[in-house]
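Peer 1: Each number in the numbering used here corresponds to the 1-based position in the sequence shown with 643 added.
No lab work stands behind these hints, which were simulated from the structure alone. You may find that some hints are simply not true.
Each pair of labels, with its calculated beta carbon distance range [as the list claims (entries may be wrong)]: (1) Asp653 x Val977: 23 to 31 Å; (2) Pro910 x Thr1054: 13 to 21 Å; (3) Gly756 x Lys885: 32 to 40 Å; (4) His934 x Leu1057: 29 to 37 Å.
With a straight-line Cα cutoff of 30 Å, these simulated BS3-like cross-link-like pairs (lysine-lysine) come out [claimed, not checked]: (5) Lys859 x Lys672; (6) Lys849 x Lys859; (7) Lys885 x Lys861; (8) Lys969 x Lys884; (9) Lys660 x Lys999; (10) Lys657 x Lys884; (11) Lys728 x Lys805; (12) Lys818 x Lys683; (13) Lys660 x Lys683; (14) Lys707 x Lys885; (15) Lys884 x Lys861; (16) Lys974 x Lys657; (17) Lys698 x Lys849; (18) Lys897 x Lys885; (19) Lys859 x Lys733; (20) Lys728 x Lys672; (21) Lys683 x Lys707; (22) Lys772 x Lys859; (23) Lys936 x Lys698; (24) Lys818 x Lys805; (25) Lys818 x Lys885; (26) Lys683 x Lys884; (27) Lys849 x Lys897; (28) Lys859 x Lys657; (29) Lys849 x Lys861.
A quick note: this is a predicted structure, and the numbers were derived from the prediction, not measured. For glycine and all other residues, C-beta sits at the position ideal for the given N, C-alpha and C.
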Amino acid sequence: MSSNFPLNHDELSKLTKKFPTPFYIYDEKAIRENIRYFTKAFSIFPEFREYFAVKACPNPYILKILAEEGCGADCSSLPELMLSKMVGLKGDYVMFTSNETPASEYQYAFAEGDIINLDDITHIEFLRKSLGKLPETICFRYNPGQAKHGCNSIIGKPEEAKYGCTREQLIEAYKVCKAGGVKHFGLHTMVASNELNPEFFVDTAKLVFELSLEIKEKCGVNIEFVDLGGGIGIPYREEQKKVDLEYVANEIHKLYERMIVPAGLDPMRICFECGRPITGPYGWLVTKAIHEKHIYREYIGTDACMADLMRPGMYGSYHELTVSGKENAPKDHVYDVVGSLCENCDKFAVQRPLPKIDIGDLLIIHDAGAHGRAMGFNYNGKLRAGELLLRENGEVMQIRRRETVEDLFATLDLDGVANFR
């Protein structure tokens, strides 16, 4: 179920006078409490680390909060690596999990001492040429193919995914890297997105532990850390249940004691790279009703659009929506709540029972703290929303301003336009 919005109607109305809608707002206190809960659940392992998926919420203020709570960073691009460095994260606190990676990005990660997680066996030689040698620590991404079932539609079937190595390729890859002087090894897989079944993650750990034992036997390589990926979902709908992290941790720990300890691989660092369950429930997109339309359906038009939050349009994803000040009013109207993009999928809610919405009402779109602002775009020349942070002391600060037309045109060479023929 969606987390309660931390501001009352009067507080939000006052805030919009200083920061016009649309904007994202994040709750620092709730994020801190949430990551503490997450890490405590897995503290039963000799070593545990959450590498926050920077792509979920790439803002240095959010990253700094999480770094202060002991998180590392999972990065997939040079800018994400740079953001991590800005908040003091580097070395084994940064996991560089990318694919089709340019040499310059590997070089940057290597210079910072970040862990490089290779996506394919052919990348070994590419990395060697890029760096002049192989790093002392290396990790590989595993694609289990048909060995892993029950994956959801966002990532899809592993055998149809572009990511990772096959089991056979991994055995060869670790042998090659060991012969090439690599001293420390990790193993990674990522096969789910927004998954709510706790057994899915236990099964993934079993799969990775089995492979770790096979690698030790066939390659003489000790896997020192396993990254079980992300994919832990959040309950976007009221009827959905939050993943029981204590249960997941305890069940994985049983496997660890039964498989990893007897094999002589203890202590092995257990890692996750979650984004959504860390910040997702504690970020909201606030927008204003600016139009209404009465044709074959009842429509409410907002000053935000799919360029600010594309998940509903892209995936058909559900986000709870509340009308500020009308939280307890009867939901006796049915609306499509839409934005202004020239795409009919630009809808935040479809045929949604809601209280009567009047022009000027503030609408709060819940569970937007991950893969929300980060997935924004500029199609139709739309300017993406800014971001605010509700501090633990109750103050609100701007952590990213709204884009301007000047930002949008900044990469254009405008000087020669007038004389262009």
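Peer 1: Any hints from earlier that this structure breaks? Give me their numbers in increasing order, please.
Peer 2: 2, 5, 7, 10, 12, 13, 15, 23, 25 and 28
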